[in-house]
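Number of protein chains: 2
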Amino acid sequence: MISRVLAVDLPRHVGERVKIAGWVHRRRELKSVTFVVVRDRTGLAQVVSRSAGESGLPEETVVEVRGTVTANEQAPGGYELTEPEFVPLSEPAVPPPFDLYRPGMAASLPTVLDHAPVALRHPKLRERFAVTAASVAGFRSTLDGLGFTETHTPKIVSSATESGANVFGIDYFGRRAYLAQSPQFFKQALVGVFERVYEVGPVFRAEPHDTARHLAQYTSLDAELGFVTDHRDVMAVLRETVAGMVDAVAGIVPVPEVPAEIPSVHFADAQELIARHTDDDPRGEPDLAPAHERWLSEWAVRTYGSEFLFVTGYPMAKRPFYTHPDPDRPGYSNSFDLLFRGLELVTGGQRLHRHADYLAALLARGEDPAGYRDYLDVFTHGMPPHGGFAMGLERWTARLLGLGNVRWTTLFPRDLHRLTP
Amino acid sequence: MISRVLAVDLPRHVGERVKIAGWVHRRRELKSVTFVVVRDRTGLAQVVSRSAGESGLPEETVVEVRGTVTANEQAPGGYELTEPEFVPLSEPAVPPPFDLYRPGMAASLPTVLDHAPVALRHPKLRERFAVTAASVAGFRSTLDGLGFTETHTPKIVSSATESGANVFGIDYFGRRAYLAQSPQFFKQALVGVFERVYEVGPVFRAEPHDTARHLAQYTSLDAELGFVTDHRDVMAVLRETVAGMVDAVAGIVPVPEVPAEIPSVHFADAQELIARHTDDDPRGEPDLAPAHERWLSEWAVRTYGSEFLFVTGYPMAKRPFYTHPDPDRPGYSNSFDLLFRGLELVTGGQRLHRHADYLAALLARGEDPAGYRDYLDVFTHGMPPHGGFAMGLERWTARLLGLGNVRWTTLFPRDLHRLTP
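So the protein lines, in turn, are chains X and W. For the first sequence, my numbering begins at 490 and goes up steadily by one. For the second sequence, my numbering begins at 490 and goes up steadily by one.
Hint data in this document are derived by calculation from the structure and do not stem from the laboratory. Mixed in with the good hints, there may be bad ones.
Put simply, identical chains are the same to the list, so a pair is met inside one copy or across any two.
What the hints assert, rightly or not - Once the Cα atoms are required to be at most 20 Å apart in a straight line, the calculated EDC-like pairs of lysine to aspartate or glutamate come out as:
1) K508 x D722
2) K807 x E729
3) K807 x E833
4) K613 x E639
5) K508 x D498
6) K613 x D603
7) K508 x D719
Assemble the whole structure, with the sequences as input and the hints as a guide.
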């Protein structure tokens, strides 16, 4: 029995009789010759058959092909298999409702999503998830190198993490429970154990709006670290992490440069800039509008040559109760967003770490600390100054690849309307 | 400002004035001297103070300490900080309901779980999760090296994955949905895209029983690969993966040897062995009882010197409908379990890959294929022979560390009774 050779390895076997296996990507029958392109996980291999008809297998049928590796400049990749013998490994495939062999995917997003298990086979679509996988590998290896510990925390929780809104309820053995909107509370508690933790896992938001940037489930890249001076230490770790992610995908797709220090602008200064240079005057608003994020991103490219921009110091009013205030500027916080190509990619900041500060923050917002008892308890037992950040994986890949909808970078999206496949 | 030195790095700074930071692990006041042991993520550092009282900080209070690194054979690790200045970074800590500084954790499992965010700080408990993290890193790096792609699939699904039982229901925008019991259907579909995929993620089982080996949420290490001859190719990849996991934790805890080829016994032969050598006669039973798994594990140690044992060929009757039958032994399957130290650690096997076989398998079980339409559709579009496996991460760590309850290796377990912290 000869073992399988991958498409990418054909050049190492010129003149040899080998076995390849994969999907019939494209079949073209000419008068005296049939070209069959076979797709495997590494690429495409052309098979040339002189005996017309013997390879009458529909596209997407899975085949094993024995043949002789022959150099041919016209063949994709420069090599092809000649004198082939075909053995089908699947039933003849039913044609998918789009052509997987064309350079681009012509079908609309809804059609692609309806038929995701087959549509994702398109090399261009598939490549996006190679970028996703490499990004996560870069995220992890960077944080591993910085002394972080990977954790796995509950996705079923007894109360809403961030707010009561947009949370999925579950029947938990007859009790009411919820799907976790973030690992926020867990990762903070785990700073008390490991000092530095990260988690890559699903988070759930019952988003009632049908937008291009929100999903009911997405993959959150979360990190949290203790013994920080303030949010700037968190930003430095985030910069390293993004650089590690970019390095990890650099072999697959073109990547942006990550400056040694990502430029940073305070929220108040950002509003001043927008007021001075655009027709808008956002001063006094507690948050940035999407159009303002886009303008600031363009400004950072013009001013610093950077596609990344930190906006720091968001008003306390619009940040969660666990946000640490800026000790020098009342009303502003030790928080940040990282903008990338016009969109908020990461949110983070320093958190409160003293129990008394939590009580005061909750009371100031009219919330009952009793509802957060489990979360707050850890702060009575000694917690260091700490902070962290969260990045949406699908959003990262979409921005990196210039795709306007996060559904293009989610294998099987879940949203208001979509629960299958 | 001097930067922080970690406990593990003190030997490199003898004679220098340094800053350390961490938790007051243990404080002992003698007549003329106070010993304060500070714990950080790398270990313990002893601080010696001659001016009694100045370090009157309760255990678990977070502190920064400046001091001079001094060699002292009596000190834990051989070095200590002298002439210290203490700066508390947290409020004085409320003492936890157990002593974190004792060599072992004296509290019972329920007490530990009730106070997990603080209990996990105990170095012995914490170490278990370093083993968990390293295991997952070994799982991934092995599969990355074998050409696998990491994926992230939906945890919210429209129907139960494996069976209707033990599934959590959710209210999904007014529709009924469920928490995924496994990524089984997704990983099979993704074999059609990437050939080789893995996922590390939460799975959910509404286990109505309170046992030492089941949880409502656990972390599943899933892999699936195409172009296999049969289940033996899957077992070979699993053996590599387990060896990679063992290598990854070898620096932290003692590890078992993974044989170059893990011994394997067919289910029918395993029953014969048990009938011949014990008072039990399980022949005719469709599955192995826990006592039989224990006996087989001991037998593998005696016979092969291996703590790992594959049992292959489980009867079709007890395996899921997607299981590939053994073409040579009707009634038996191309499936396997991997036993480790008396317990089933991994389940896997070859799956059906032809659409017609799926229809026949479901009809033979009296199930309506219409209920599996999304899943089955992919098999009409060309799927290669494939198989895979799933391992419970918490169970792996528990077995490896000789712990009898998976709750000891879960940060924040979820079960019939426990939804917090």
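Hint check:
Taking the shortest Cα distances, K508 and D722 sit within 20 Å of each other only across copies (17 Å), while inside one copy they are farther apart (54 Å). Proximity of K807 to E729 under the C-alpha cut-off of 20 Å is found in neither arrangement, the shortest distances being 27 Å within a copy and 50 Å between copies. Within a single copy, K807 and E833 get their C-alpha atoms as close as 15 Å, which meets the 20 Å cut-off; across copies the closest is 50 Å, which misses it. In this assembly of identical chains, K613 and E639 lie within 20 Å of each other by CA distance solely across copies; the values are 17 Å between and 31 Å within a copy.
For the homomeric pair K508 and D498, the shortest alpha-carbon distance inside one copy (11 Å) is at most 20 Å, but the shortest distance between copies (54 Å) is not. With identical chains, the CA atoms of K613 and D603 are at most 20 Å apart within one copy only, with a shortest distance of 17 Å there and 49 Å across copies. Taking the closest pair of Cα atoms, K508 and D719 come within 20 Å of each other only across two copies (18 Å); inside a single copy the shortest separation is 59 Å, beyond that limit.
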